[in-house]
Amino acid sequence: METISTTPTVTVASSSGATPASRSFKVSSAPSDAQPAETLINIENFDFYYGAKQALFDINLKLDDKRVTAFIGPSGCGKSTLLRCLNRMNDLIDGTSVKRGKVTVRGIDINGGDVDPIELRKRVGMVFQKSNPFPKSIYENVIYGLRIQGETNKTRLDEVVEKSLRGAALWDEVKDRLHESGLGLSGGQQQRLCIARTIAVSPEIILMDEPCSALDPIATAKVEELIHDLKKEFTIIIVTHSMQQAARCSDKTAFFYMGKLVEYADTRTIFMNPANPQTEAYVSGRFG
Amino acid sequence: MNTSSNLTTPKSANPYAHRPSRSQAIEKGVLSVFRAATYFILICGAIVFGDIVFKGVPTVVNSFKTTADFPYVTNTFLFTAPESLYVFDYDGKSREMGDQEFRAFRATEEAKATAAGMPVPAIKATSYVYSAGGIWPCIVGTVLLVIGSMTIALFLGVCSAVFLNEYAKDGPVVRFIRLAILNLAGVPSIVFGLFGFGLFVLAAPTVGTVPVGEIHLRLWPLNYYLNFGGWGVSLLSGWFTLAFMVLPVVITASEEALKAVPKGFREGSLALGATKWQTIRKNVVPYALPGILTSSILGIARVAGETAPIMFTAAYVVRDKLPWEVEKASDFFFQGVMALPYHIYVVSSKIPQNEYTARVQYGTAFVFLGLVALIATASIILRNNLRGRYKW
Chain L
1 METISTTPTV TVASSSGATP ASRSFKVSSA PSDAQPAETL INIENFDFYY GAKQALFDIN
61 LKLDDKRVTA FIGPSGCGKS TLLRCLNRMN DLIDGTSVKR GKVTVRGIDI NGGDVDPIEL
121 RKRVGMVFQK SNPFPKSIYE NVIYGLRIQG ETNKTRLDEV VEKSLRGAAL WDEVKDRLHE
181 SGLGLSGGQQ QRLCIARTIA VSPEIILMDE PCSALDPIAT AKVEELIHDL KKEFTIIIVT
241 HSMQQAARCS DKTAFFYMGK LVEYADTRTI FMNPANPQTE AYVSGRFG
Chain U
1001 MNTSSNLTTP KSANPYAHRP SRSQAIEKGV LSVFRAATYF ILICGAIVFG DIVFKGVPTV
1061 VNSFKTTADF PYVTNTFLFT APESLYVFDY DGKSREMGDQ EFRAFRATEE AKATAAGMPV
1121 PAIKATSYVY SAGGIWPCIV GTVLLVIGSM TIALFLGVCS AVFLNEYAKD GPVVRFIRLA
1181 ILNLAGVPSI VFGLFGFGLF VLAAPTVGTV PVGEIHLRLW PLNYYLNFGG WGVSLLSGWF
1241 TLAFMVLPVV ITASEEALKA VPKGFREGSL ALGATKWQTI RKNVVPYALP GILTSSILGI
1301 ARVAGETAPI MFTAAYVVRD KLPWEVEKAS DFFFQGVMAL PYHIYVVSSK IPQNEYTARV
1361 QYGTAFVFLG LVALIATASI ILRNNLRGRY KW
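One line per chain: the protein sequences are L and U, in this order.
For the record, in the first sequence the residue sitting at position 118 is 118 according to our numbering, with numbers rising by one throughout.
With positions in the second sequence counted from 1, the corresponding number in our numbering is that position plus 1000.
It is worth saying that the hints were derived from the structure and are not from the lab.
Fair warning: there could be bad hints in the mix.
Said to hold, decoys possible - Covered by chain U, per the in silico footprint, the following chain L stretches (three or more residues, Cβ under 8 angstroms):
id : stretch
1  : 84-96
2  : 144-153
3  : 189-200
4  : 215-222
Claimed, not checked - Straight-line alpha carbon distances no greater than 25 angstroms define the calculated SDA-like cross-link-like pairs of lysine to any residue that follow:
id : chain 1 : residue 1 : chain 2 : residue 2
5  : L       : K154      : U       : R1281
6  : L       : K53       : L       : S75
7  : U       : K1263     : L       : A219
8  : U       : K1065     : U       : L1322
Yeah, the Cβ is synthetic: ideal placement off N, Cα and C, and Gly gets one too.
Same shape as in the complex, but just chain L (with noise of 0.2 angstroms):
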């Protein structure tokens, strides 16, 4: 992990034993191939409390577009507090408040009183640590969201099956059993299933909240690479542990630590020229 930061050149998957051999990650190109990205999401000076204790402290940030960003940070730091905020998720947890600050998608304030949650959760789309599928067969649980919102329509069903399965590589493992049950698929199929039962709803957003986190390696980078095509379609924002995986799969990486933001900037810029030294100690694996 040392080597990501004392030479800039060397690609992290070298660096890294259990990156498996044949795939090597650059850190990610900057978004140098695209036109410069629009700013979707933006947050303002938010302070966000579990009850009388303050877990997010002043956050100022611009999510881009298209685009991947990662948030690292060493346990209990905030990120996956902010990433939950970004859907709401946290109105489910009792004596949660926002204190101070906003957060704007597309320029609409998503605690504003007019917003509901559950509309605005169909847009913004969630794959959790824990993969949870439920304990449906494939085709029902991609279906989900979908039958939720009342579609009966079996044509349009099956289309959006294939669909979303397709766009979560997963259709090629599972199109001759897809009415078996979810639970029986590996730990990585689950995980991809659960991705392709988000972008079934078509979200706007999807947020990853460390998905990678209790898969193998091979698991893994099948994820990583799923979020490299998912970029073309959805913004992604990942909440990872694995400083290999900002580096491999993100365009811009946030550093949080102790409910702050720390740095925020071009994952190029986070892993080999971080400004904050604090920063240049985390991804160089010296505390967290």
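Take the given structure of chain L and dock chain U to it, following the hints.
Relative to chain L, chain U alone:
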């Protein structure tokens, strides 16, 4: 350690060789106590069940009779109402007959004697109440009580468990409600009986065209009155009393079953834009149902078996009509029924005991056990079906 073991067993090369010790002796003693306790329970159970089966089976088996019409065979113990037993000597033989059979017999004998010009024979019979006939109305009554009360208990119980577990914010009020529910489980069943009598039999609200009692409300502008005259000794009173008795069990078990559904299923569903109710209905309650049913099976045995709650609220000592022989449909809910546990109570303590009543007691007890086993088996099959469908 090494040296001491060498001292005690100097010749043995095996350091793991078996050596008697105090802790092993204690272990043996404790084990034998545990084993003896288990076998004692087993033997007691076997004696109880064996006694009931051994004495109850003949009552049922000896009651098979052939009939003239389809299905050509019937069981008078299972499928007829209780009757008085008449025991008498006639033509030098001792005979036992049920009420109806005895009347028919006496009529034919008298007719025969009159036809032959002989004096009418005086038959001196001793009668024993409830010792002949069968227990069909009791079986029907018990089944109705179980179905009705479990339906009410499951509906109310699951609703409140969902509310407490999924919606209510944990706080002093919810904790107080939980405590109250748990305490309800400790209330003796006779207290439930009295409570049911006071509330449902005497004071439950009814709607009628005439005002009853001092307190009543006219349902303006309709010409109906809301009265508080109670439901009387009726199925409805019994259902609610029994339901309240098993509610604590159902609520506690339902909450446990709901808690056992992984949080990920709820979050996954909500993150897809489902409302809380959609999540609960599609992604929580279906997975909790097997657990809820498992505990309800215990509830069934309790509901079917309790005598105290129904003796004031729903049970009749004897009733000629079967529950479906009512004039109008609404009467169905407002009639009392016979029930197996109450029947056992009546034939074992309310009538003079003799050799003939024992047959009925044991026969009823045996059928009762069989019926509970049957209902429980049905619920277990249902539960296993559900379990097979939703596994995680």
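Requested in this report: Against the structure, test the hints numbered earlier, and report the numbers of the ones violated in rising order.
Outcome: 4
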